[in-house]
Amino acid sequence: MVAPSGSALLPPPEPVQLIDPQGARAPEARAAGHAVPDAATLLAAHRALVRGRRFDRQATALVKQGRLAVYPSAHGQEAAEVGAVLALRATDWLFPTYRDSVALVTRGIDPVEVLTLLRGDWHCGYDPIAHRTGPQCTPLATQAPHAVGVAYAARARGEDTVVLAFLGDGATSEGDFHEAMNFAAVFQAPVVFFVQNNRYAISVPLARQTAAPSLAHKAVGYGVPGIGVDGNDVAAVLAVVGAAAERARTGGGPTLVEAHTYRMDAHTNADDASRYRSDEEVAAWRDRDPLDRITAHLRGAGLLDAALEAEIAAQAEADAADLRERLPAGPVPGGDELFAHVYASPTPQLRDQAERLRAEQAADELEDAR
Amino acid sequence: MSSVTVAQAINTALADALAEDPSVVVFGEDVGALGGVFRITDGLTGAYGEDRCFDTPLAESGIVGVAVGMAMNGLRPVVEMQFDAFAYPAFEQIASHVAKMRNRTRGAVTLPMVIRIPYAGGIGGVEHHCDSSESYYAHTPGLTVVTPATAEDAYSLLREAIASPDPVIFLEPKRLYWSRAEATLPAKTEPFGRAAVRRAGRDATLVAYGPSVPVAMQAAEAAVAEGWDLEVVDLRTLVPLDDATVMASVAKTGRAVVVAEAQGFASVASEVAARIAEQCFHVLEAPVRRVTGLDIPYPPPKLEHHHLPNVDRVLDAVATLQWEDA
Ligand SMILES: Cc1ncc(C[n+]2csc(CCOP(=O)(O)OP(=O)(O)O)c2C)c(N)n1
Ligand SMILES: [Mg+2]
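Residue numbers (this note's numbering), protein chains in the order written: chain A, -6 to 363; chain B, 37 to 362.
Pulled out of the complex, with its shape left as it was, chain B reads as follows (with noise of 0.2 Å):
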């Protein structure tokens, strides 16, 4: 065990994976000599050449089809989009072509490649670098949306995706990116499609993912003071999803609250709520309840405390679940 921080972590994942598998090839813009503006591609087109890590021209939506052409022919190509905002010149290569190839195909064309986005805000970032996008990843079919809250699962996730028959959009938090832990690498943590009980307990659960698991951490430990006793559980992957283990907690519980910092209008934490509503109407004690992004362009850095959800507003919703009738 060391101190790891999640930039590390995936650094070390891409490393691991480079040493492992001569077909996977790290791209994109400023990914070379500069390491990414985040640092995150430090160090391996030094350690592993220019043929495996190297930067393209600017054009992300070239990057990710010549992507798709690259896992149609052998090669395991994991992409770095700078900022979230900045793929959505790819999104017509994501939606038309990386998500459908093998439905198209019936299977004869897969495609196994990784994107990777630094997304989300709370970094004092100026516009089009805080986007919380992954409705519109995980709202298209084909897609496996992953958006690892831990150094560990930033590895172990990481590993799997690259390893993964079929393309995965990896959303990396980055205000979590800093973030230490101590930690044993290469991890092997739960696969995708399992979600993680982080906090148990007994009167309400709280369901979050990537930047929003620390929030809910804290505003858990918090709820203590109030008498409550938290149940938080991360969701590691929302596609696919884990409703079992949410709606495990839930049944147990009997209270829901989900935390996400995307505005929250036809969003991951609206789907969420709708499931627990549809499957666990019986045993609920109150309405579910969503703490979610404000449904506005994200702020200026000055003003982005007033959209992101932070640990009153979710001990407020808390509040909220009908404490008097139990």
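So here's chain A without its partners, still in its complex pose (with noise of 0.2 Å):
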């Protein structure tokens, strides 16, 4: 396979759309070449984008119950992660940030274990190895590295895995994503770089952190195509990480995807949006809502009708219902647990430690019983 270069690594002029905000098919012009997915796809993304907002909105519900520490919502940009999610195989690998949990609700995690860093019980729930998804990561663009060490191993093995990793405009600006950017194309590791572009990096706005034409011009500096896509539909978000995935796996190395989006909430439930954005800027984003996009297409498709919309909103209230009832139920590791897991077998001065904090535990019930 003969690596594309120049002018072949520029992304189209505009981001990639196969479904408009309206729920009918865009021009063809902005299609790039990528076709729609067939209809049980589209209704498979659409089922785990009702999923994934409940799941969102559940848990965003639970911060303000006091029942979650903090959680940064995905509110408004559900068709992008559920999308980059579902264009991959179960046995690709996902590098996920603190903003991806509805990528890994999407990936068949437990919601509790997603959740249980953002409870405060410890600060990963779930297995990564298990799940072939690494921790959620909070130090920006520290994961991109790791995704390209990942999939180099994979290949190194003969095996045709992929990699992606998810990553903000704001990650963009850090050292990290340029180091595996360059790493990534010069040893052709399988990974999509899947940048979710909300327009802000908590406050700052975008212009704030380029001067580049688009994100995904970034890409053609490390001889890597770039591809700008709608990230509210969810459609071409399927097809363009798709076709990525799938040049990885065939050994035409790595692929940067710009997803255009907007988050609807704040950064977190501490952050105050209206500091820094406009409620009439929300309102247009409103108009683009990923969900809305394609339930409208899939009834003027004759694909959705109302009895299978009722029962996948069920479903959804099943899975939010059911993660009320589980969450508090994770139990709090105990405090030989802040020791057990530093090395393989804890040091000589870690077992100190951990005696002294046990008697501490002790004399404290003792004197608590009393």
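Among these hints, one or two may not hold up.
Chain A stretches covered by chain B per the calculated footprint, using a threshold of three residues with CB under 8 Å from any CB of chain B [as the list claims (entries may be wrong)]:
{"no.": "1", "stretch": "143 to 154"}
{"no.": "2", "stretch": "334 to 345"}
Pair ranges (Cβ atoms, derived) [said to hold, decoys possible]:
{"no.": "3", "chain 1": "A", "residue 1": "T203", "chain 2": "B", "residue 2": "L94", "range": "18 to 26 Å"}
{"no.": "4", "chain 1": "B", "residue 1": "N346", "chain 2": "A", "residue 2": "V63", "range": "52 to 60 Å"}
{"no.": "5", "chain 1": "B", "residue 1": "R235", "chain 2": "A", "residue 2": "Q354", "range": "39 to 47 Å"}
{"no.": "6", "chain 1": "B", "residue 1": "F301", "chain 2": "A", "residue 2": "E353", "range": "29 to 37 Å"}
{"no.": "7", "chain 1": "B", "residue 1": "Q254", "chain 2": "A", "residue 2": "Q342", "range": "28 to 36 Å"}
{"no.": "8", "chain 1": "B", "residue 1": "N346", "chain 2": "A", "residue 2": "P198", "range": "52 to 60 Å"}
{"no.": "9", "chain 1": "B", "residue 1": "A284", "chain 2": "A", "residue 2": "R317", "range": "56 to 64 Å"}
{"no.": "10", "chain 1": "A", "residue 1": "A355", "chain 2": "B", "residue 2": "Q315", "range": "22 to 30 Å"}
Honestly, the hints are just simulated from the structure, not real lab data. Everything numeric in this text was worked out from a predicted model, so none of it was measured. Don't be surprised by glycine CBs; every beta carbon is placed ideally from N, CA and C.
Two independent chains are provided; combine them into the complex using the hints.
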């Protein structure tokens, strides 16, 4: 396979769109050669979107009730999260950020385990190896080189695994984004760099992150193809990420996908978005809602009727009820856990400290018993 | 037995690990065709192929970050940082991921990887080539920090590091690379977490590690003329730290001087001195002393002799250990 070069690396003039905000087929020019996925794929994506949104709304409510310490919502970005995950195989790897809980739920990770981090019980609640999903990463862009390493190792073993790294627009300014892109390109590692450009890094708008024509353009400097996609069009995300994954799987190397989207909620519950963006701006994006779009499209195509919608909604409600019920049940780890996983076997100094903490707790319990 | 340099011992350890374990990969800047700026990886690409020992882009954070991913997925990366101060771009990966991944995932993800770093001075190197950076790593829970002072330890500790289920910061005292000793390779010395008594003595204990071990040994020999019989303890691994051997020695001698090239403020030497004070207070004949580098940025080559601990400074410190009361 001949690697694309020069102008072939440039993103299409406009982000790829297959279904317009009203649910109709987008003009052929916007497709850039991509086809709308088949009905079964679209229906699966729609269901995942409904469930992902319900999960996100539930998590936001749990913060308000004081049952989660914090939740960075993906509301508005669900099509990007769902489309990126469903475009991959279960044997492919994901490297998500704090933003990407909806992606993890879509992958099939127990929502209770997804929320362990945000509940404050431990730093990661799921088994990354079992789910082929890295721990949700907080230091921006630092997960990107991990994705390259996992991809490299898989290919060295002759596997056709693909690795997708999630990133935000702000994270593309970090050094590790650059280093990971460059490494992946030089080693032709099977990685999809999936940037959700939601236009803000907390309060800082995109214009303060980059002077590049688009984030997808950044790929060209590494010899990597870059492509923009309407991140609120789940069909387009599925098609574009699917094509990038296929390229990677068959030895074509990495791709940078920039999904244009918008975070409808504040950065986290602790943020006040009204300080840096206008109501009009938010309202304009509400008209481009990703769930409304695919719902309208499927209804128009006769693929979604009231009965099916009701069944999906009921499933999402059942998910939420199950989450509410099980969430507090997760046992808070005991003090011994603090020392158990620092090394394969604790150092003598850690054993001493564990012993002292146990003694302290025993003394406290005795005190309480009196 | 034959005469072996520390550099040869490390090279042989890498070669033997590559030969024995197909999951071991060696990479970094100039480690391929050139064999590394110190020639530590000399011949490895030729013998084991470009898939096993290879050059990367100039990107220290990327090198360590990619190694994290490889270690997550079945490989055992052994990466080289070209010099101590050029490992700093990788510090975020080291502190936030290398050190924390096992703990973050409660043991689900382990990172068997080694970061080799030529460190410390004494070779007339210019700025950024002589830093003693061990305290940054030793201060970071989750890292194992190793620093050999002999050829046999260099071999054995590196093999143990590569076989370890946990990430190891392997600090190579670059001024000892060319020091020779009679050694038999492959060597098997004491495991991580055991200090070695390099010289037995009754009157005071010198605790040293890495580049300062020869300084302590020379000081102990020179002390004979002063009538002092000094014991020298080589820590070998800074994490885990062998309190037991250090304390047993100080319990015997009643006096201690910690010798380390790094700047002394908030250092490994300070930690060792504090632990001796806490654990041996009742047997100490004198306050614990430290002989360390100055609290300055590493000096230019023509001034480095002002900075480095030497025999005279060690003996001066030993002289203050309240001998009149003995
Ligand atoms: C290295 C680093 N610097 C700063 C932060 C604090 N921080 C957390 S999220 C964030 C904004 C990131 O924006 P972006 O990459 O666009 O992702 P988004 O939150 O919009 O999904 C910042 C500055 C961090 N987590 N890591
Ligand atoms: Mg953003």
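Against the structure, the hints:
1. 143 to 154: With 7 residues close enough to chain B, the hint holds.
2. 334 to 345: With 7 residues in contact (Cβ-Cβ under 8 Å with chain B), the coverage given for the stretch 334 to 345 of chain A holds.
3. A/T203 x B/L94: 18 to 26 Å: 23 Å, holds
4. B/N346 x A/V63: 52 to 60 Å: 54 Å, holds
5. B/R235 x A/Q354: 39 to 47 Å: 44 Å, holds
6. B/F301 x A/E353: 29 to 37 Å: Because 31 Å falls inside the window, the suggested range holds.
7. B/Q254 x A/Q342: 28 to 36 Å: For A/Q342 against B/Q254, whose Cβ atoms are near 31 Å apart, the range 28 to 36 Å holds.
8. B/N346 x A/P198: 52 to 60 Å: 57 Å, holds
9. B/A284 x A/R317: 56 to 64 Å: 58 Å, holds
10. A/A355 x B/Q315: 22 to 30 Å: 24 Å, holds
In summary, this structure violates none of the numbered hints.
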